[in-house]
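Visitor: This is what each chain is made of:
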Amino acid sequence: MAECAPLDNVIRPGEPNGPSGVALIDRRFIGQVNLRVRGPAVAATGAALGYALPVEANTAVGNGVSRSCWLGPDEWLIVCEDEQRAELMQRLAQALSSHAHAATDVTDARAVLRLAGACARPVLAKGCPLDLHPRRLGPGKVAQSVLARAQIMILPIEEGYDLFVARSFASYVWAWLLDAGAEYGIRVEP
Amino acid sequence: MLLIPCPYCGERAELEFRYGGEAHFRRPDNHLEASDESWANYLFMRKNPKGWHRERWMHIAGCKRWFYVVRHTVTHRIAAAYKVGDPWPDLPA
Ligand SMILES: [Zn+2]
Numbered sequence: 001m002a003e004c005a006p007l008d009n010v011i012r013p014g015e016p017n018g019p020s021g022v023a024l025i026d027r028r029f030i031g032q033v034n035l036r037v038r039g040p041a042v043a044a045t046g047a048a049l050g051y052a053l054p055v056e057a058n059t060a061v062g063n064g065v066s067r068s069c070w071l072g073p074d075e076w077l078i079v080c081e082d083e084q085r086a087e088l089m090q091r092l093a094q095a096l097s098s099h100a101h102a103a104t105d106v107t108d109a110r111a112v113l114r115l116a117g118a119c120a121r122p123v124l125a126k127g128c129p130l131d132l133h134p135r136r137l138g139p140g141k142v143a144q145s146v147l148a149r150a151q152i153m154i155l156p157i158e159e160g161y162d163l164f165v166a167r168s169f170a171s172y173v174w175a176w177l178l179d180a181g182a183e184y185g186i187r188v189e190p
Numbered sequence: 001m002l003l004i005p006c007p008y009c010g011e012r013a014e015l016e017f018r019y020g021g022e023a024h025f026r027r028p029d030n031h032l033e034a035s036d037e038s039w040a041n042y043l044f045m046r047k048n049p050k051g052w053h054r055e056r057w058m059h060i061a062g063c064k065r066w067f068y069v070v071r072h073t074v075t076h077r078i079a080a081a082y083k084v085g086d087p088w089p090d091l092p093a
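Each protein sequence line maps, in turn, to chains A and B. Quick note on numbering: the first sequence equals residues 1 to 190 in my numbering. Quick note on numbering: the second sequence equals residues 1 to 93 in my numbering.
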């Protein structure tokens, strides 16, 4: 009979309890622009971005430069690399100069936490009421919801999620994710 | 927990929403001349029915839009959700 000490089966942080566990990454300084437009300004925005704004609820569309996330019937969050932000704002201002619109640089409003790996979904499911099955929330989709009572925007990636959290909640959500991910051997990656 | 059908985002858990009380209250027109009684009605009087209720909800953690819900105050069954400006759906029998 194999020896088994009383604490052999408990969870120890940092030890994967599965094939590949999950990683938490601080995606610093992701450019974010909140856009409010309706009517013909929606098409004008598409011309400036190089792709049509997604008008279907809970979807996200993008190209190599930016990604536009549906937030509501006349509201989007456009995400890009920080270096692209100034040019994006300029392009939007030009394309929308003759339309009623609001394009607001909200880069500093939210932190972006990437939860990546095979166990990202079960970690997120511990604190989020959404159906997280890839059929409902996979790449190409986006959703605003709550995680452990904090408001978040969830942008699925190939294996995992980018979580957009108000900066005042970021350290709380970070700590919550480390705790929730402990049983999957969560590790912090640069 | 209620599963509330946001007319914009689809079905979501109740904790993504805030309740806004009875719907379709109209502020007295011509408010300078409105009587104390019509102000009191607007501000304080609510139907509080035992049964079907038209009420306001806001999807605060989602699309952040106000909309209307027809909910049964005893069973919590939700019969309809509709946008501001939409025609009012009938109350179930
Ligand atoms: Zn909604």
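One thing to keep in mind: the hints can contain errors.
For lysine to aspartate or glutamate, the following EDC-like pairs were computed, each having C-alpha atoms within a straight-line distance of at most 16 angstroms [stated by the list, open to error]:
| # | chain 1 | residue 1 | chain 2 | residue 2 |
| --- | --- | --- | --- | --- |
| 1 | B | K83 | B | E33 |
| 2 | B | K83 | B | E37 |
| 3 | B | K64 | A | D74 |
| 4 | B | K83 | A | E159 |
| 5 | B | K50 | B | E22 |
| 6 | B | K83 | B | E22 |
| 7 | A | K141 | A | E56 |
| 8 | B | K64 | A | E75 |
| 9 | A | K126 | A | D105 |
No lab work stands behind these hints, which were simulated from the structure alone.
Visitor: Hint by hint, note whether the structure agrees.
Guide: Hint check results:
no.: 1; hint: B/K83 - B/E33; in the structure: violated, 31 angstroms
no.: 2; hint: B/K83 - B/E37; in the structure: violated, 30 angstroms
no.: 3; hint: B/K64 - A/D74; in the structure: holds, 11 angstroms
no.: 4; hint: B/K83 - A/E159; in the structure: violated, 35 angstroms
no.: 5; hint: B/K50 - B/E22; in the structure: holds, 13 angstroms
no.: 6; hint: B/K83 - B/E22; in the structure: holds, 15 angstroms
no.: 7; hint: A/K141 - A/E56; in the structure: holds, 10 angstroms
no.: 8; hint: B/K64 - A/E75; in the structure: holds, 10 angstroms
no.: 9; hint: A/K126 - A/D105; in the structure: violated, 32 angstroms
Hints 1, 2, 4 and 9, counting from the list given before, are not met by this structure.
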